[in-house]
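> Residue numbering for the sequence shown is 540 to 1054, as defined by the working numbering.
Careful: at least some of the hints might be erroneous.
[Said to hold, decoys possible] Once the Cα atoms are required to be at most 20 Å apart in a straight line, the calculated DMTMM-like pairs of lysine to aspartate or glutamate come out as:
1) Lys874 x Asp939
2) Lys722 x Asp909
3) Lys949 x Asp920
[To be verified] Okay, the calculated beta carbon distance ranges per label pair:
4) Ala805 x Asp1002: 18 to 28 Å
5) Pro862 x Gly887: 29 to 39 Å
6) Arg914 x Ala805: 43 to 53 Å
7) Arg1013 x Gly840: 24 to 34 Å
8) Leu554 x Glu1027: 32 to 42 Å
9) Arg625 x Arg658: 14 to 24 Å
10) Glu896 x Met725: 19 to 29 Å
11) Pro841 x Ala591: 42 to 52 Å
12) Pro1045 x Ala1003: 14 to 24 Å
13) Glu649 x Asp837: 41 to 51 Å
14) Gly988 x Ala894: 28 to 38 Å
15) Gly988 x Glu726: 43 to 53 Å
16) Leu587 x Asp939: 48 to 58 Å
In short, the hints are calculated from the structure, not lab data. Built from N, CA and C at the ideal position, the CB exists for glycine as well.
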Amino acid sequence: MTSPYPGSPEMHAGLNGGAIALIDGETQISFAHWNAIADRMADRLLQLGLKAGDRIAVRMNVRHEWFFIHAAASKIGAGIVGVNHRLAGPEVAYMLEDSAPAAFILDDAEPGPLIEAWRGLNRGPVISMMPAAGAELFDSLLHAPEAPARIAPAPAQLVLYTSGTTGRPKGVALRPETLAGRKNVMEYRRLIASIIPTGAQSRALIVLPFHHSSGPNTALFCLMGGGAAVMVRRFDAESTLALIQRHRITHMMAVPTMLHRIRTLAPEVVAKYDVRSLTYLTTGAAAVPHSLKLWALDFFGPQCQLFEGYGMSETMMISYLMPHEQRAKPGSSGKVLPFVELSIRRDGGAQALPAGEVGEVCVRTPMMIDGYLNRGALTADELTPDGLFRTGDVGYLDQDGYLYITDRLKDMIIAGGSNIYPAEIESVLVEHPAIIDAAVIGVPSDEFGEQPLAFCEARPGADAEAVLAFCRERLARYKLPRQVIFVEELPRNPTGKVTKAVLRAPYWQGRARQV
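Please put together the full structure from these sequences, using the hints given.
This is how it looks when you write it as structure tokens:
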């Protein structure tokens, strides 16, 4: 007889079915209830024509129903395609066509246009959380007749799409046959799951969306340990503190921008909340200023252990900076994990560099993809000659083997023959008390080829000249931004990453050289 995978809803329903697993506003769902709904939903999906190996496209905000779908998909052997709920219609249509799902589930308030786009693909059923012509109502899956218990031998495969900052998003999916021939896959998975422990008393606050790998992973790791996942449908700094206090949150993954937002709250607002239950805080997905880490350690208290992770959808985790290393190795992304091969390269990955020299970070992990969805094998532009994945990140290893990420290769500025890394300038800018967030780009210069230009989200009353004076004390002259421009909000793509191409476009338009 098939056994449920370790940490599955079936397992916890049998061990401690009454324990709360999912918390979404005032709604609380036990493991037993979650598993029973998933059985009914799995049965209904099969009736609608889905089968093992199919994919279900899910466009959904952070809400407890996502876990019903994930568990049901696991029970029938289907996968899930995460569709960003912030994408516009044409972008969604592209993903639906590219990923070829057999069903589409969405929670849009006005689902009509997307349902019409789906119908044009002639693929299969569409299921909407809101009543809509031509769609099955999601509630019908929840209230389907009682169904026989089903066992999920493995969690549903997640297909996630890249941010698409340099082109159309690409689907990232690991084929089972790819993993079958690799060494250390299970050991690597167990290692990742063990870095941040979870248990029955754990409570994870889910502030990242489910199309972002850290969103579902943070939740699922906590649930697999028998803890509960608490949903945040829209991030708000003060509301986050209120939820930490209310639910005694122990685990949270937050990108640096979220921590910046909490940091800018007024002292009288912060004083209303007790956040000392938070025991494990993970950050990453963008450069994390050392001052922000120090603030977080002080703000959340001595019981809070801070982890910084470095990885990507194509490779999974590459390195972690552990709590005891935060002060000793400022700016580092940590030591490379066991079972991961990492090399700093130049010349398209052909030349390996020694410790201390800056080049492109190239890696091989047990969970590395061998190609993007519907795009064949990885190309020579994506791999080094010896088969390491070219991350597009620039960095170096120190003499102790700690990794430092200096920037994205495509964002590097070359001024008068010198390499300038915008992330270094940005990290200085956000140290200034008036700056909330910053983005630095290279703009044309007749004298130097390029020069840095800074765009900043700032607090009221910020003074650009004072910010530049602050930078002069901390940066070499050739790295200084020629100007600081205040903007209400930096342009971001639907995953929240700053789209520097939007900032660059007006400055490079019509020039022979494009950056």
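> State for each hint whether it applies.
Outcome of the hint check:
no.: 1; hint: Lys874 x Asp939; result: 9 Å, holds
no.: 2; hint: Lys722 x Asp909; result: 15 Å, holds
no.: 3; hint: Lys949 x Asp920; result: 14 Å, holds
no.: 4; hint: Ala805 x Asp1002: 18 to 28 Å; result: 21 Å, holds
no.: 5; hint: Pro862 x Gly887: 29 to 39 Å; result: 37 Å, holds
no.: 6; hint: Arg914 x Ala805: 43 to 53 Å; result: 49 Å, holds
no.: 7; hint: Arg1013 x Gly840: 24 to 34 Å; result: 29 Å, holds
no.: 8; hint: Leu554 x Glu1027: 32 to 42 Å; result: 51 Å, violated
no.: 9; hint: Arg625 x Arg658: 14 to 24 Å; result: 23 Å, holds
no.: 10; hint: Glu896 x Met725: 19 to 29 Å; result: 35 Å, violated
no.: 11; hint: Pro841 x Ala591: 42 to 52 Å; result: 49 Å, holds
no.: 12; hint: Pro1045 x Ala1003: 14 to 24 Å; result: 19 Å, holds
no.: 13; hint: Glu649 x Asp837: 41 to 51 Å; result: 44 Å, holds
no.: 14; hint: Gly988 x Ala894: 28 to 38 Å; result: 30 Å, holds
no.: 15; hint: Gly988 x Glu726: 43 to 53 Å; result: 48 Å, holds
no.: 16; hint: Leu587 x Asp939: 48 to 58 Å; result: 55 Å, holds
Hint check: violations occur at hints 8 and 10; the rest are consistent with the structure.
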